[in-house]
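Protein chains in written order, with my numbering: chain A, 1 to 104; chain B, 1 to 338.
Just so you know, the hints here were simulated from the structure itself, not pulled from any lab data. Careful: at least some of the hints might be erroneous.
[Unchecked claim] In the DMTMM-like style, the derived pairs of lysine to aspartate or glutamate whose C-alpha atoms are separated by at most 25 Å in a straight line are:
(1) 330(B) <-> 85(A)
(2) 330(B) <-> 75(A)
(3) 193(B) <-> 84(A)
(4) 330(B) <-> 36(A)
(5) 330(B) <-> 35(A)
(6) 55(A) <-> 280(B)
(7) 269(B) <-> 74(A)
(8) 193(B) <-> 64(A)
(9) 193(B) <-> 36(A)
(10) 55(A) <-> 74(A)
(11) 86(A) <-> 265(B)
(12) 193(B) <-> 81(A)
(13) 330(B) <-> 74(A)
(14) 269(B) <-> 64(A)
(15) 193(B) <-> 31(A)
(16) 86(A) <-> 280(B)
(17) 269(B) <-> 81(A)
(18) 269(B) <-> 94(A)
(19) 269(B) <-> 84(A)
(20) 193(B) <-> 94(A)
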Amino acid sequence: MSAFYWERHPDGPFSTLIGVTATYCSPDAYDGAYEDLVSRARSPQADDDEMRVFKAELRRALADPSLLPAGELDDAVEYNDGSDEKFLRRLWHDLYGDEPMAGS
Amino acid sequence: MGELRGSADDPEHRDQSDQPDRPGRADQPDRADQPERHQPPVPDAEAGQVRVELRSRIEYAADLEQRSVSGWEPRPFRSFGTDRQSGASAEPLEPVRRFEPGRAGLPDPGDAVTYLDARQPGRPWLAAARGRPPEVQRLFAALDQGGGHAHIRHEGWVTEEMNRCRAARLEDPAQLDPAKRAAGIDGLRSPEKLHRCWEISSRITDPDAFAAAFARGIEHPMVRAALETEFTARRVPRPVSLNLSDLLGPDGHRCCTGWRLQPVEGSIKTARDNRAAYLDAHAHGRDPDVPEPNARPIGTFAAGTMIFAFGPTRARDGYEVVTMYPRPLKDEQQGDRP
Numbered sequence: 001m002s003a004f005y006w007e008r009h010p011d012g013p014f015s016t017l018i019g020v021t022a023t024y025c026s027p028d029a030y031d032g033a034y035e036d037l038v039s040r041a042r043s044p045q046a047d048d049d050e051m052r053v054f055k056a057e058l059r060r061a062l063a064d065p066s067l068l069p070a071g072e073l074d075d076a077v078e079y080n081d082g083s084d085e086k087f088l089r090r091l092w093h094d095l096y097g098d099e100p101m102a103g104s
Numbered sequence: 001m002g003e004l005r006g007s008a009d010d011p012e013h014r015d016q017s018d019q020p021d022r023p024g025r026a027d028q029p030d031r032a033d034q035p036e037r038h039q040p041p042v043p044d045a046e047a048g049q050v051r052v053e054l055r056s057r058i059e060y061a062a063d064l065e066q067r068s069v070s071g072w073e074p075r076p077f078r079s080f081g082t083d084r085q086s087g088a089s090a091e092p093l094e095p096v097r098r099f100e101p102g103r104a105g106l107p108d109p110g111d112a113v114t115y116l117d118a119r120q121p122g123r124p125w126l127a128a129a130r131g132r133p134p135e136v137q138r139l140f141a142a143l144d145q146g147g148g149h150a151h152i153r154h155e156g157w158v159t160e161e162m163n164r165c166r167a168a169r170l171e172d173p174a175q176l177d178p179a180k181r182a183a184g185i186d187g188l189r190s191p192e193k194l195h196r197c198w199e200i201s202s203r204i205t206d207p208d209a210f211a212a213a214f215a216r217g218i219e220h221p222m223v224r225a226a227l228e229t230e231f232t233a234r235r236v237p238r239p240v241s242l243n244l245s246d247l248l249g250p251d252g253h254r255c256c257t258g259w260r261l262q263p264v265e266g267s268i269k270t271a272r273d274n275r276a277a278y279l280d281a282h283a284h285g286r287d288p289d290v291p292e293p294n295a296r297p298i299g300t301f302a303a304g305t306m307i308f309a310f311g312p313t314r315a316r317d318g319y320e321v322v323t324m325y326p327r328p329l330k331d332e333q334q335g336d337r338p
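Let's have the full structure, built from the sequences with the hints guiding it.
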């Protein structure tokens, strides 16, 4: 069975959010990955559909963290923030600064 | 480093000089009185009867714990190919012979033996490849010129004790400075950062099996799709998981071992928090107010997966595998039941 949520549920809820955070924020991420994610989020290219979906899913998860599939975000990232919500809040702040979380 | 005699195969042959109170058998003279201690050795006879143990006691204990929990036996990977019941390929290194470094985003290593000879003093993980078939040495030399760390943290040079310490205390096998390793400083990241590790740390115990898994893995369509993604700065393909048995055969999981951080009060999150607090206390010279983190062997990698994660090449003109390691089934990741 696939180890990853986005492989088991490619069209599942928050698949992009969990896949992108695993790629850039997990212990497996390459040296400099988190900095690349910050740059990618702050200067999105016109064709970067993945980051558009990522941002929308991040907003939705922050609005109601209970919508996230149980345990999947922590399994993918193994954050040290204590909860999905605390990790996502830190992520939003690092990526989007003071931009309102509840944007359009 | 303490020197022991015997091996995990035969632990009762341990040197007993550190156990002065252990009684001898009634039908034998006391150990100090055994006449053969005073006889010159007979090299040929000794070679056939005594194995000199080079592991420290702690390494020996970790090996023994791994074997008792998971049943791991350090059996050569190539012997699986001759096991009729395993169904494994009779030529398990065939994909390694076909391996083309360029298809993995790696430079051609040229003369692998020369490369390994020149680099091994400062890169001790290369020792695992020495004495292996030429195609295995070539794959290791190619990997070592890339930016990945699979052969550094997830291969046979990493001992069971090193893996236990990585899972329990974030000691990075790639960190060659003992003081920095004990402090949890990553051996590869620049500038220096604290090492990160999943709640499990795993390895492929046989260099031939490692090479076969990598060579076969990079031919898998999912990995090929990742490696052949058109390079775009700051974009990276997502990690891929493949069935272990697809890469190493139905018995391939027997070439994999790992350790898992043990839950605290039934919670792995609490265990991770405690691990961080324990290391932070040590880093700042305080007495930890949490228990020392503990890790135990993973029971089995049967039905597990091999993880491939990607990153940009050194030249930032394509993608390469930044790590590859075995991951057990989720139930095997949860640690001993509280």
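Hint by hint, here is what the structure shows:
For the suggested pair residue 330(B) and residue 85(A), the alpha carbons sit about 23 Å apart, so the restraint of at most 25 Å is met. Note on residue 330(B) and residue 75(A): the hinted pairing holds, with a Cα-Cα distance of about 10 Å set against a maximum of 25 Å. For the hint linking residue 193(B) to residue 84(A), the alpha-carbon distance of about 23 Å falls within 25 Å, and the restraint holds. A C-alpha spacing of about 30 Å is found between residue 330(B) and residue 36(A), which places the hinted pair above 25 Å, so the restraint is violated.
As the CA atoms of residue 330(B) and residue 35(A) are separated by approximately 30 Å, the hinted pair breaks the 25 Å bound. A C-alpha spacing of about 33 Å is found between residue 55(A) and residue 280(B), which places the hinted pair above 25 Å, so the restraint is violated. Pair hint residue 269(B) plus residue 74(A) holds up; C-alpha atoms about 9 Å apart against a cutoff of 25 Å. As the CA atoms of residue 193(B) and residue 64(A) are separated by approximately 33 Å, the hinted pair breaks the 25 Å bound.
Between residue 193(B) and residue 36(A), the direct Cα distance comes to roughly 17 Å. Compliance with the 25 Å bound is thereby established for this hinted pair. Annotation: proposed proximity of residue 55(A) to residue 74(A) holds, straight-line Cα distance about 18 Å (limit 25 Å). Between residue 86(A) and residue 265(B) the CA atoms are separated by roughly 22 Å; this keeps the pair inside 25 Å, and the hint holds. Of the pairs offered as hints, the one joining residue 193(B) and residue 81(A) holds, with about 17 Å between alpha carbons and a cut-off of 25 Å not exceeded.
For a cut-off of 25 Å, the pair hint linking residue 330(B) to residue 74(A) stands: about 13 Å separates their Cα positions. The suggested pairing of residue 269(B) with residue 64(A) holds, with an alpha-carbon distance near 21 Å, which does not exceed 25 Å. A C-alpha spacing of about 10 Å is found between residue 193(B) and residue 31(A), which places the hinted pair at or below 25 Å, so the restraint holds. For the hint pairing residue 86(A) with residue 280(B), the CA-to-CA distance comes to about 20 Å; that is within 25 Å, so the pair holds.
Note on residue 269(B) and residue 81(A): the hinted pairing holds, with a Cα-Cα distance of about 10 Å set against a maximum of 25 Å. This hinted pair checks out: residue 269(B) and residue 94(A) have alpha carbons roughly 23 Å apart, not beyond 25 Å. Straight-line distance between C-alpha atoms of residue 269(B) and residue 84(A) comes to about 12 Å, which keeps the hinted pair within the 25 Å bound. With a C-alpha separation of about 18 Å, the suggested pair residue 193(B) and residue 94(A) falls inside the 25 Å cut-off, and the hint holds.
Checked against the numbered hints listed earlier, the structure breaks hints 4, 5, 6, 8; every other hint is satisfied.
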